[in-house]
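Q: Taking this note's numbering, I'd label the letters of the sequence shown as residues 1 to 124.
Mixed in with the good hints there might be a few duds.
[Stated by the list, open to error] With beta-carbon atoms standing in for the labels, derived distance ranges: (1) 104 - 20: 13 to 21 Å; (2) 61 - 97: 37 to 45 Å; (3) 24 - 91: 16 to 24 Å; (4) 25 - 101: 38 to 46 Å; (5) 92 - 66: 32 to 40 Å; (6) 41 - 61: 14 to 22 Å; (7) 91 - 60: 38 to 46 Å; (8) 24 - 83: 14 to 22 Å.
None of these hints come from the bench; they were simulated from the model.
The beta carbon of each residue, even a glycine, is placed where N, CA and C say it ideally should be.
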Amino acid sequence: MPRVSSPLLLAGLLAGAAVAHAVAPRQFDAIVPRSLPGTPRQWTYASGAAELALAVGVAHPRTRRVAALATAAFFVGVFPANVKMAADARRRSPAVRAVALGRLPLQLPLVLWARKVSRGARAR
Numbered sequence: 001m002p003r004v005s006s007p008l009l010l011a012g013l014l015a016g017a018a019v020a021h022a023v024a025p026r027q028f029d030a031i032v033p034r035s036l037p038g039t040p041r042q043w044t045y046a047s048g049a050a051e052l053a054l055a056v057g058v059a060h061p062r063t064r065r066v067a068a069l070a071t072a073a074f075f076v077g078v079f080p081a082n083v084k085m086a087a088d089a090r091r092r093s094p095a096v097r098a099v100a101l102g103r104l105p106l107q108l109p110l111v112l113w114a115r116k117v118s119r120g121a122r123a124r
């Protein structure tokens with residue numbers, strides 16, 4: 001059983017999110033802040049590609065330290081999308097609002113998890 005701080009578990013989470021961006025892009029398009037240049041679909045695919053690259057980097061011991069730090073930064077960078085999701089959910093059902101609001105504080109443990117994986121990796 002992998003530990004919660006396991007780098008491979010983090011890589012799996014990132015890879016799963018990358019696949020979700022490719023398979024169901026509409027749900028991600030909806031949370032792209034409109035202030036960003038380009039189309040939401042471009043940002044959806046770009047963030048999915050970034051997650052896939054981060055997953056590969058975190059999975060490989062040689063690149064784990066840098067990739068895990070980049071993952072922490074990525075989790076911070078996508079936080080505005082979670083804020084937009086929560087703002088958009090104001091007019092939705094209580095269940096949708098609860099999920100959208102519940103995602104906001106979950107971003108911090110993800111950032112801390114990526115930093116912990118980075119600290120646990122040997123610099124090469």
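Q: Against this structure, judge whether each hint is valid.
A: Each hint tested on the structure:
1. 104 - 20: 13 to 21 Å: Check passed, 19 Å falls within 13 to 21 Å.
2. 61 - 97: 37 to 45 Å: 41 Å, holds
3. 24 - 91: 16 to 24 Å: Holds, at about 22 Å.
4. 25 - 101: 38 to 46 Å: About 23 Å separates the Cβ atoms of residue 25 and residue 101, which means 38 to 46 Å is violated.
5. 92 - 66: 32 to 40 Å: Taking Cβ atoms as reference, residue 92 and residue 66 lie about 39 Å apart, which means the hint holds.
6. 41 - 61: 14 to 22 Å: The hinted range 14 to 22 Å is violated for residue 41 and residue 61, with Cβ atoms some 34 Å apart.
7. 91 - 60: 38 to 46 Å: Roughly 44 Å apart at Cβ, these two residues keep to the hinted range, so it holds.
8. 24 - 83: 14 to 22 Å: 21 Å, holds
Against the hints set out earlier in the document, violations occur for numbers 4 and 6.
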